[in-house]
Amino acid sequence: MLVEFSIIPIGIGSSIGDQLAEVLKIVDSSGLPYKINPMGTVIEGEWDEIIKLIKKCHMTMMKSAERTVTTISIDDRKGKPDRINQKVKSIEKRIGKSLKK
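Sequential numbering of the sequence shown, starting at 1, is according to the working numbering.
Source of the hints: derived by calculation from the structure; they are not laboratory data. Cβ atoms here follow ideal geometry from the backbone N, Cα and C, with glycine treated the same way. Incorrect hints may appear among the rest.
[As the list claims (entries may be wrong)] Cross-link-like lysine to any residue pairs, in silico, SDA-like; alpha carbons within 25 Å at most: (1) Lys-100 <-> Glu-49; (2) Lys-63 <-> Gly-40; (3) Lys-56 <-> Met-39; (4) Lys-80 <-> Thr-68; (5) Lys-63 <-> Asp-75; (6) Lys-55 <-> Ser-90; (7) Lys-89 <-> Lys-56; (8) Lys-52 <-> Gly-17; (9) Lys-87 <-> Pro-9; (10) Lys-35 <-> Met-62; (11) Lys-89 <-> Arg-67; (12) Lys-63 <-> Asp-82; (13) Lys-93 <-> Lys-63; (14) Lys-56 <-> Asp-76; (15) Lys-56 <-> Ser-90; (16) Lys-55 <-> Ile-8; (17) Lys-80 <-> Arg-67; (18) Lys-80 <-> Pro-9; (19) Lys-35 <-> Ser-90; (20) Lys-80 <-> Leu-20; (21) Lys-25 <-> Ser-90; (22) Lys-87 <-> Ile-74; (23) Lys-56 <-> Asp-75; (24) Lys-78 <-> Lys-63; (25) Lys-78 <-> Tyr-34; (26) Lys-55 <-> Arg-67; (27) Lys-78 <-> Thr-60; (28) Lys-87 <-> Met-59; (29) Lys-89 <-> Ala-21; (30) Lys-87 <-> Met-62; (31) Lys-63 <-> Ser-6; (32) Lys-63 <-> Asp-76.
[Said to hold, decoys possible] Quick list of simulated restraints, FRET-style, between CB atoms: (33) Pro-38 <-> Lys-93: 32 to 38 Å; (34) Gly-96 <-> Ala-65: 20 to 26 Å; (35) Lys-89 <-> Ser-64: 36 to 42 Å; (36) Arg-77 <-> Leu-24: 31 to 37 Å; (37) Ser-98 <-> Arg-67: 25 to 31 Å; (38) His-58 <-> Asp-82: 24 to 30 Å; (39) Pro-81 <-> Asp-18: 17 to 23 Å; (40) Arg-67 <-> Lys-35: 38 to 44 Å.
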């Protein structure tokens with residue numbers, strides 16, 4: 001299962017880098033494969049472990065904000081391991097070159 005999520009604290013100003021750094025420490029220590037991008041984080045794993053991790057991230061963000069918006073997008077496909085890397089490689093193969101990462 002691939003899950004992309006983003007966490008936005010509301011009401012703490014326009015710079016949220018310090019808060020996001022705390023959340024990403026949690027993601028990194030989870031041991032799950034992940035990739036960050038400018039708009040969120042993609043994680044690969046099983047349902048229970050991913051939801052538990054996102055809940056922990058959300059609750060951590062709530063410690064520094066009165067309001068937090070967490071958005072979750074799920075791509076669940078059976079029998080396809082390492083999709084966090086293979087989905088990109090599949091497109092690169094079709095294009096015939098590596099894409100910017």
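Consistency of the hints with the structure:
With a CA separation close to 30 Å, the supplied pair Lys-100 and Glu-49 exceeds the 25 Å bound. Proposed proximity of Lys-63 and Gly-40 is supported: the alpha carbons are some 19 Å apart, at most 25 Å. The straight-line distance between the Cα atoms of Lys-56 and Met-39 is roughly 19 Å, inside the 25 Å bound, and the hint therefore holds. Using a Cα cut-off of 25 Å, the hinted pair Lys-80 and Thr-68 is violated, with the two alpha carbons roughly 33 Å apart.
Distance hint between Lys-63 and Asp-75 is unfulfilled; the C-alpha atoms sit about 29 Å from each other, more than 25 Å. Under the criterion of a C-alpha separation no larger than 25 Å, the hint pairing Lys-55 with Ser-90 is inconsistent with the structure, at around 31 Å. With a C-alpha separation of about 31 Å, the suggested pair Lys-89 and Lys-56 falls outside the 25 Å cut-off, and the hint is violated. For the proposed pair Lys-52 and Gly-17, the alpha carbon gap of about 23 Å is at most 25 Å, so the pair holds.
At most 25 Å may separate the alpha-carbon atoms for a hinted pair to count; Lys-87 and Pro-9 exceed this at roughly 30 Å. As the CA atoms of Lys-35 and Met-62 are separated by approximately 23 Å, the hinted pair is consistent with the 25 Å bound. Pair hint Lys-89 plus Arg-67 does not hold up; C-alpha atoms about 38 Å apart against a cutoff of 25 Å. The suggested pairing of Lys-63 with Asp-82 is violated, with an alpha-carbon distance near 33 Å, which exceeds 25 Å.
With a C-alpha separation of about 44 Å, the suggested pair Lys-93 and Lys-63 falls outside the 25 Å cut-off, and the hint is violated. Simply put, Lys-56 and Asp-76 have alpha-carbon atoms about 21 Å apart, close enough for the 25 Å limit, and the pair holds. Straight-line distance between C-alpha atoms of Lys-56 and Ser-90 comes to about 32 Å, which puts the hinted pair past the 25 Å bound. The straight-line distance between the Cα atoms of Lys-55 and Ile-8 is roughly 14 Å, inside the 25 Å bound, and the hint therefore holds.
A hinted pair counts as satisfied when its Cα atoms are at most 25 Å apart, and Lys-80 with Arg-67 does not qualify at roughly 36 Å. In summary, the hint linking Lys-80 to Pro-9 is not supported, as the alpha carbons are separated by about 34 Å, beyond the 25 Å threshold. Distance restraint check for Lys-35 and Ser-90: the Cα-Cα separation of roughly 17 Å lies within the 25 Å cut-off, and the hinted pair is therefore satisfied. For the given pair, Lys-80 sits about 30 Å from Leu-20 by alpha-carbon distance, which is inconsistent with the 25 Å threshold.
Between the alpha carbons of Lys-25 and Ser-90 the distance comes to roughly 30 Å, so the proposed pair goes past 25 Å and is violated. At most 25 Å may separate the alpha-carbon atoms for a hinted pair to count; Lys-87 and Ile-74 meet this at roughly 14 Å. Our distance criterion of 25 Å between C-alpha atoms is met by Lys-56 and Asp-75, whose separation comes to about 21 Å. The straight-line distance between the Cα atoms of Lys-78 and Lys-63 is roughly 36 Å, outside the 25 Å bound, and the hint therefore fails.
For the given pair, Lys-78 sits about 19 Å from Tyr-34 by alpha-carbon distance, which is consistent with the 25 Å threshold. Restraint check: the Cα-Cα separation between Lys-55 and Arg-67 comes to about 14 Å, which is no more than 25 Å; the hinted pair holds. Under the criterion of a C-alpha separation no larger than 25 Å, the hint pairing Lys-78 with Thr-60 is inconsistent with the structure, at around 31 Å. For the hint pairing Lys-87 with Met-59, the CA-to-CA distance comes to about 30 Å; that exceeds 25 Å, so the pair is violated.
Of the supplied pair hints, the one linking Lys-89 and Ala-21 is violated, its CA atoms being roughly 28 Å apart against a limit of 25 Å. Annotation: proposed proximity of Lys-87 to Met-62 is violated, straight-line Cα distance about 33 Å (limit 25 Å). A hinted pair counts as satisfied when its Cα atoms are at most 25 Å apart, and Lys-63 with Ser-6 qualifies at roughly 16 Å. Restraint check for Lys-63 and Asp-76: not satisfied, since their Cα atoms lie roughly 31 Å apart, outside the 25 Å limit.
Checked against the given bound of 32 to 38 Å, the beta carbons of Pro-38 and Lys-93, roughly 25 Å apart, lie outside it. Between Gly-96 and Ala-65 the beta carbons are some 45 Å apart, a value that contradicts the proposed interval 20 to 26 Å. Between Lys-89 and Ser-64 the Cβ separation comes to about 37 Å, which falls inside the hinted range of 36 to 42 Å. Range check, Arg-77 to Leu-24: about 25 Å between beta-carbon atoms, so the 31 to 37 Å window is missed.
The hinted range of 25 to 31 Å is not satisfied by Ser-98 and Arg-67, whose Cβ atoms lie roughly 40 Å apart. The supplied range of 24 to 30 Å is met by His-58 and Asp-82, whose beta-carbon atoms lie about 27 Å from each other. With their beta carbons about 35 Å apart, Pro-81 and Asp-18 fall outside the hinted range of 17 to 23 Å. For the pair Arg-67 and Lys-35, the supplied restraint of 38 to 44 Å is violated, since their beta-carbon distance comes to about 27 Å.
Consistency note: the structure conflicts with the earlier hints numbered 1, 4, 5, 6, 7, 9, 11, 12, 13, 15, 17, 18, 20, 21, 24, 27, 28, 29, 30, 32, 33, 34, 36, 37, 39, 40.
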